[in-house]
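Participant: Sequence:
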Amino acid sequence: MKKEGFILKKNQTNLSYPTFSKRFLDKYVGKIISDPKIALVELVANSWDAGSTNVQLIWPKSPDSYFEILDNGTGMTIDEFEERWNELTYDRLKVQGPTVKIPESDKNIERKVFGRNGKGRHSLFCFSNKYYVETWKEGFKSKFTVTRAYTNVPYSIELIETSPVKGHGTKISCNFKNGLIKQDLLNVDEVREILGSKFIVDPMAFEIFVNNDRINSVDLVSQATEHELIIPNEGSVKIFVIDSKSPGRTTKQHGVAWWVNNRLVGEHSWKDFKGSYLDGRRTAARRYTIIVVADILENEVKEDWTGFENTDRVKEITNVINEFIIETIADIMHDVFVETKMEVLVKQKENLRQASPSSRNEIGYFINQVQKRCPSIKYKDFENIVDVLVKMEASKSEYRLLQQLAQLSPDNMDSLSAILDEWDIMDAKIVLNELKDRLDIIEKMERLVEKSDTDELHELQPLFAHGLWIFGPEYESREFLSNKSLATVIKTFFDKKGVKYLQNPRNRPDFVVLADSSISAYSSNKYDCNGEVSGIDKILIVELKKGGSKITLENKMQTVKYALEIRDAGKVAQDTKMICYVLGTNVDLNVNQPLTEGSIEVIPRPYSTILSQAHARTFNLMKKIQEYKQIDFVETEDPEIKDVLKQKTFA
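First residue of the sequence shown? That's 193 in the working numbering, and the numbers climb one at a time after it.
Accuracy of the hints is not assured; some may be wrong.
[As the list claims (entries may be wrong)] Simulated crosslink set (DSSO-like; lysine-lysine; CA at most 30 Å straight-line):
no. : residue 1 : residue 2
1   : Lys-541   : Lys-838
2   : Lys-253   : Lys-286
3   : Lys-214   : Lys-363
4   : Lys-583   : Lys-718
5   : Lys-430   : Lys-253
6   : Lys-369   : Lys-335
7   : Lys-838   : Lys-572
8   : Lys-322   : Lys-335
9   : Lys-838   : Lys-539
10  : Lys-564   : Lys-834
11  : Lys-219   : Lys-229
12  : Lys-214   : Lys-369
13  : Lys-539   : Lys-570
14  : Lys-753   : Lys-742
15  : Lys-738   : Lys-628
16  : Lys-214   : Lys-311
No lab work stands behind these hints, which were simulated from the structure alone.
The whole structure should be built from the sequences, with the hints applied where relevant.
Facilitator: Right under this line is the structure:
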């Protein structure tokens, strides 16, 4: 008989079988046979899955090495044991189902099991290469030896004894490997602590004894606040917040604990899946425990119960739970957060005074989010972040969204929808604040511009200083600032003419106040190829006539003259663009067109026209955004920033 590539010898079969390497069991079972803590918990979990109500452990003390775990569970027949122990990928749920009947109960009670794939039964190999299993059921007891084999099979099983016996249960025993006791990996107290922290059970339904001493399992009810959190399309989880009243010495049993079917997943920890909930050195970390009972994740638990599988479902559910935990920690840490926030804000007091209300609110909101999301952040890092944020807020332009909105026609809701899809709620609220500020400016202007007794210095000019956006999108930039030196040149111009009632008040040297008008000058910088300021790029001059006044040709020409005075004074280059608005109640029909003189442009406008222009850029935008995003706009102020600004002295 020939086979392609080689010749078969007589009596040689053409079948071959896979074998197991020496490392197979280590790779297949993993931490269950390498981590004593995991192995220990798996052994007790197996007793739970067997329906036992009483588990007795003998934990060796040096120099003894004998270990034993005895339970009163269902036990196994010879056939059941051989079927389950011989099959490497034994499917516990398929063969036995997700529950087990408790044989000691007269009420036919069932409980959910932990096991799924049969790997936990190999946990004894963590302590010894050979162990014994005695199990009894239906009137017979069988005793087996299970020996790890570093050959082409992972282990061998031998039936060594059978005998008649009443009752039911299982005993697994071994002598620890040579040197394992000397390593002192786990002492008796550690064993009690591990087992006591891994199960939330009724002690009357599941008792665990270690060397004849019963251990106490976790008690959720005492000193705990219970919350029920609904997970959309998934169900609900219960979250218990436990306050131990006084801080412990360590955070060992504090932190966030995730439980599934009354068993701890992983360890208590203040570290979440992405970082850290809380610095373990804080007082709150040594006082509080948050327990998440997430039975809805029972099918997502890792085989060794050290965590959850990295699936989309786990991410979606844990993200919702994490948000609740973050809010809970923020509530716990509220007083500490406020104190730290105030300390940092006091150092930024002067900068905060210069910021707009909406900017201050954004700064306050951002600080709150940093404290919530990064509660373990170091104080110095936190201080630096706030410093950078305040400086960025002082220099950035917030108006791109506003410009997009202003360009829409009133009925263009599809475009509005597309734009708003690019902006989140916080962005929209910032814009709403800006819109409200602008609408307030317009409303105040409408009340003041036509009144002859309006205080232009203290009322009208400050409104226009904050309302440069009325004159066009280019004046949105925060680089257009009041220019004191230009105002001084204008003042000098009128001094030369002997104009009376001239004022250039000390508290606002950027304004020039005449008997029938007031003038303000603004400029933006020019930059060279190296990014250095090299002069003035553009000038905006705003002259406001008193209410009831009419703009005449003389007024128009006078504006050209003081604009030329600025150029002649050497403040700007010959080609520097100067835009001059002259605003009054009415404009003479002969002068209502702009006048251009080289790079100087004078634009006369009645207040009614300029206010209509302002309305055109803001009208109904707030209402549209509120309706689309369903935002309840309420004017608020960050409480800590408000308190800091009330303080009379600087830090």
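Participant: Against each hint, give a clear statement of whether it holds in the structure.
Facilitator: Each hint tested on the structure:
At roughly 10 Å between alpha-carbon atoms, Lys-541 and Lys-838 fall within 30 Å of each other, so this suggested pair holds. Of the pairs offered as hints, the one joining Lys-253 and Lys-286 is violated, with about 40 Å between alpha carbons and a cut-off of 30 Å exceeded. Restraint check for Lys-214 and Lys-363: satisfied, since their Cα atoms lie roughly 28 Å apart, inside the 30 Å limit. The straight-line distance between the Cα atoms of Lys-583 and Lys-718 is roughly 22 Å, inside the 30 Å bound, and the hint therefore holds.
Annotation: proposed proximity of Lys-430 to Lys-253 is violated, straight-line Cα distance about 40 Å (limit 30 Å). In summary, the hint linking Lys-369 to Lys-335 is supported, as the alpha carbons are separated by about 21 Å, within the 30 Å threshold. Under the criterion of a C-alpha separation no larger than 30 Å, the hint pairing Lys-838 with Lys-572 is consistent with the structure, at around 25 Å. Restraint check: the Cα-Cα separation between Lys-322 and Lys-335 comes to about 13 Å, which is no more than 30 Å; the hinted pair holds.
Between the alpha carbons of Lys-838 and Lys-539 the distance comes to roughly 14 Å, so the proposed pair stays at or under 30 Å and holds. Among the hinted pairs, Lys-564 with Lys-834 is consistent with the structure: their alpha-carbon atoms are about 20 Å apart, no more than 30 Å. For the proposed pair Lys-219 and Lys-229, the alpha carbon gap of about 18 Å is at most 30 Å, so the pair holds. A C-alpha spacing of about 18 Å is found between Lys-214 and Lys-369, which places the hinted pair at or below 30 Å, so the restraint holds.
Under the criterion of a C-alpha separation no larger than 30 Å, the hint pairing Lys-539 with Lys-570 is consistent with the structure, at around 17 Å. Our distance criterion of 30 Å between C-alpha atoms is met by Lys-753 and Lys-742, whose separation comes to about 19 Å. A distance of roughly 26 Å separates the Cα atoms of Lys-738 and Lys-628; the hinted pair therefore holds under the 30 Å criterion. Of the supplied pair hints, the one linking Lys-214 and Lys-311 holds, its CA atoms being roughly 17 Å apart against a limit of 30 Å.
In terms of the numbered hints stated before, the structure departs from hints 2, 5, listed from lowest to highest.
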